[in-house]
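Here the protein sequences line up with chains A and B, keeping their order.
In the working numbering, each number is its position in the first sequence, counted from 1, plus 688.
In the working numbering, each number is its position in the second sequence, counted from 1, plus 721.
Rather than coming from a laboratory, the hints here were simulated on the basis of the structure.
What you are looking at is a predicted structure, and each value in this text was computed from that prediction instead of being measured.
Note that beta-carbon positions come from the ideal geometry of N, C-alpha and C, so glycine has one too.
Accuracy of the hints is not assured; some may be wrong.
Claimed, not checked - Estimated spans, in silico, between C-beta atoms of each pair:
(1) A/Ile956 x B/Met918: 55 to 61 Å
(2) A/Ile956 x B/Gln954: 44 to 50 Å
(3) B/Ser723 x A/Ser938: 47 to 53 Å
(4) A/Arg698 x B/Pro815: 41 to 47 Å
(5) B/Gly839 x A/Tyr768: 50 to 56 Å
Claimed, not checked - Taking lysine-lysine and the DSS-like style, the derived pairs with C-alpha atoms no more than 27 Å apart in a straight line are:
(6) A/Lys1030 x B/Lys793
(7) A/Lys1036 x B/Lys817
(8) B/Lys861 x A/Lys1036
(9) B/Lys913 x B/Lys861
(10) B/Lys793 x B/Lys861
(11) B/Lys888 x B/Lys742
(12) B/Lys888 x B/Lys909
(13) A/Lys928 x B/Lys817
(14) B/Lys817 x B/Lys781
To be verified - Pulled from the structure, derived: some chain A residues nowhere near chain B, Cβ distances all over 12 Å:
(15) Ile708
(16) Phe839
(17) Gly873
(18) Gln954
(19) Val955
(20) Tyr1001
(21) Leu1004
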Amino acid sequence: MTTISFAPKRHVEVLKAWMIDTLVWGYTFLVLFKIVWQRIILDLRFIDFSWSEPLACLALGAVVALAMFFTRCSIGKALYGLIDFQDGRSWVRESHAVLTLVVLALTFVAGIMVTQVSMREFFSESGLAGAQRIFTALLNPNFAIFEDALFAAIETVFMAFIATSLAIPAAFVLAFFAARNLMSGSPLSFAIYSVLRFFLNVTRSIEPLVWAIVFSVWVGIGPFSGMLALFLHSVASLTKLYSEQIESISDGPIEAMKATGAHPIQVIWYGVVPQIILPYLSYTIYRWDINVRMATVIGLVGGGGIGTMLMQYQGLARWNEVGTLVIVIAAIVWLMDYASAKIRARLK
Amino acid sequence: MSQLVLEHIGKVYPNGTRALKAVNISVEQGEFLVVIGLSGSGKSTLLRCVNQLHDISEGKMTFEQADVTHLKGRSLRQLRSRIGMIFQQFNLIPRKTVLTNVLSGALARTGIFKSLLGIYSKAERELAYRYLDIVGLREKAYVRADNLSGGQQQRVAIARALMQNPKILLADEPVASLDPATSHSVMKYLQKVNQEMGVTVICNLHFLSLVRTYATRVIALKGGELVYEGSPQDIDENWFTAIYGEDAVEVTID
Ligand SMILES: Nc1ncnc2c1ncn2[C@@H]1O[C@H](COP(=O)(O)OP(=O)(O)OP(=O)(O)O)[C@@H](O)[C@H]1O
Ligand SMILES: [Mg+2]
Chain A
689 MTTISFAPKR
699 HVEVLKAWMI
709 DTLVWGYTFL
719 VLFKIVWQRI
729 ILDLRFIDFS
739 WSEPLACLAL
749 GAVVALAMFF
759 TRCSIGKALY
769 GLIDFQDGRS
779 WVRESHAVLT
789 LVVLALTFVA
799 GIMVTQVSMR
809 EFFSESGLAG
819 AQRIFTALLN
829 PNFAIFEDAL
839 FAAIETVFMA
849 FIATSLAIPA
859 AFVLAFFAAR
869 NLMSGSPLSF
879 AIYSVLRFFL
889 NVTRSIEPLV
899 WAIVFSVWVG
909 IGPFSGMLAL
919 FLHSVASLTK
929 LYSEQIESIS
939 DGPIEAMKAT
949 GAHPIQVIWY
959 GVVPQIILPY
969 LSYTIYRWDI
979 NVRMATVIGL
989 VGGGGIGTML
999 MQYQGLARWN
1009 EVGTLVIVIA
1019 AIVWLMDYAS
1029 AKIRARLK
Chain B
722 MSQLVLEHIG
732 KVYPNGTRAL
742 KAVNISVEQG
752 EFLVVIGLSG
762 SGKSTLLRCV
772 NQLHDISEGK
782 MTFEQADVTH
792 LKGRSLRQLR
802 SRIGMIFQQF
812 NLIPRKTVLT
822 NVLSGALART
832 GIFKSLLGIY
842 SKAERELAYR
852 YLDIVGLREK
862 AYVRADNLSG
872 GQQQRVAIAR
882 ALMQNPKILL
892 ADEPVASLDP
902 ATSHSVMKYL
912 QKVNQEMGVT
922 VICNLHFLSL
932 VRTYATRVIA
942 LKGGELVYEG
952 SPQDIDENWF
962 TAIYGEDAVE
972 VTID
């Protein structure tokens, strides 16, 4: 038994720990009921879903969590450091560690069921025949479309290049407003910082693929929509990387430049820029590399370039042509990867 | 008339820390004034108030008969350009050559546009070479500053400060990250600047043996207050305990 003291701040942590426990237990019961009981033991073909089940599991979880809360068997308490760990005690004896393992194992089982892993299908006769058909075609690429493919590939590389170069100035300016050390001075600047950070995080967490779909409706299918998608995503991630670089610069050279009586613009140019320029270049080249890779995928949803071509031939099930395109894409990606790694190594 | 006069200077940081309390100092042209005191006694704060890297909260500061307590913008930059500063961590511009670093001392009198393009007149370049000669680093002019040893970096920092053609040179623990032999070599360059070029030096130091060798006058701070002022020869046992406390033992550096 651990004693729980209700100091003001602990109060909140205890509550949070209990909520975590409730979620863990609720999840465990739901998996046990839906997957282990209904799917595996009863082997039901169609499992219907109603909201009452997860809610019931959650309620049950809340009760169990409350009961277990006064033992050491509480993941929430362990996470918030509310359990005094005894030195030299084996983790096997820590019930919360064991519980964590059980939950992970259950998740693994559930995952296998949900993704419909089936060895039978993987090695079925028709399955193997299909695999043979597509691999034969892929390995016999039709080089008649090679020139078209190359043309589309160039479009893809340029799309990535323009997206990256347009993103640089935008990110360069935004980075100063997204750097905590520069913006934590006054409440107003900190508010700007927080809002900007929020929008950048949202923009970044939406995949360029999704942005491409949005923009293809907006400006029509083609390289322009792909470029816009990559541009937006690049601005968000470059701003983050740039601003982290600004946050890590040392004040020394800045102070020294101020002390010479330099103008603020000179202070930035001589005290800040030399500290960030090489990492900036390195990130930017890396970003271009990523953009080329993404540009091929973005084409699949109508973003133009070699991805669109791939989608068209795949739709027609012309696997020999698809083979050619796969080779061209692989070559570009490898080339960009290689070149960017080489250049970045030089920029240290 | 004194070159620099501080009257009742007080400094309160935004977080409420009182780092200086009613400090009165007069600095004469050509002095080698050393500031001593425990860590946290306000030595760095005092130097940074002189060139107003930190603004002065209370009191009055006079530089060459002009009130410079609360300057802003252009006039503040002008004041700073006449006061050079070197730092414990050297604070050179990384990834730039020694020459560029020295030339950056001339920023205050260089047009913004020219300085962005890195265009300096022939006269400025020659001046930079001359100061590199003085600190004995001419042959390193095109080496990246961060590839030099600590002592060399501090000498580049001295050349950069000289480039400002300063009336006063502030030195915030200039040798605290250097070994004893290098410390003396850097201190000798400061002495040279002081004696041969007539630049007033105000220097924070930790080692009393260095103080006795180089200072012409010493002041001591304790908890932000001035507790001692006198000649370096007069620092005896009693003063030592008064400044550094009962348990302190003098450590020497030769
Ligand atoms: N930027 C700052 N904000 C708030 N308080 C500060 C700041 N800089 C210094 N202080 C405080 O002011 C007091 C004096 O600091 P200062 O750096 O001037 O001491 P110092 O004598 O130079 O010490 P050291 O020998 O360690 O360099 C200390 O209590 C310190 O914590
Ligand atoms: Mg200090």
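Exercise. Which earlier hints can't be squared with this structure?
Worked result: 1, 3, 6, 10, 14, 17, 18, 19
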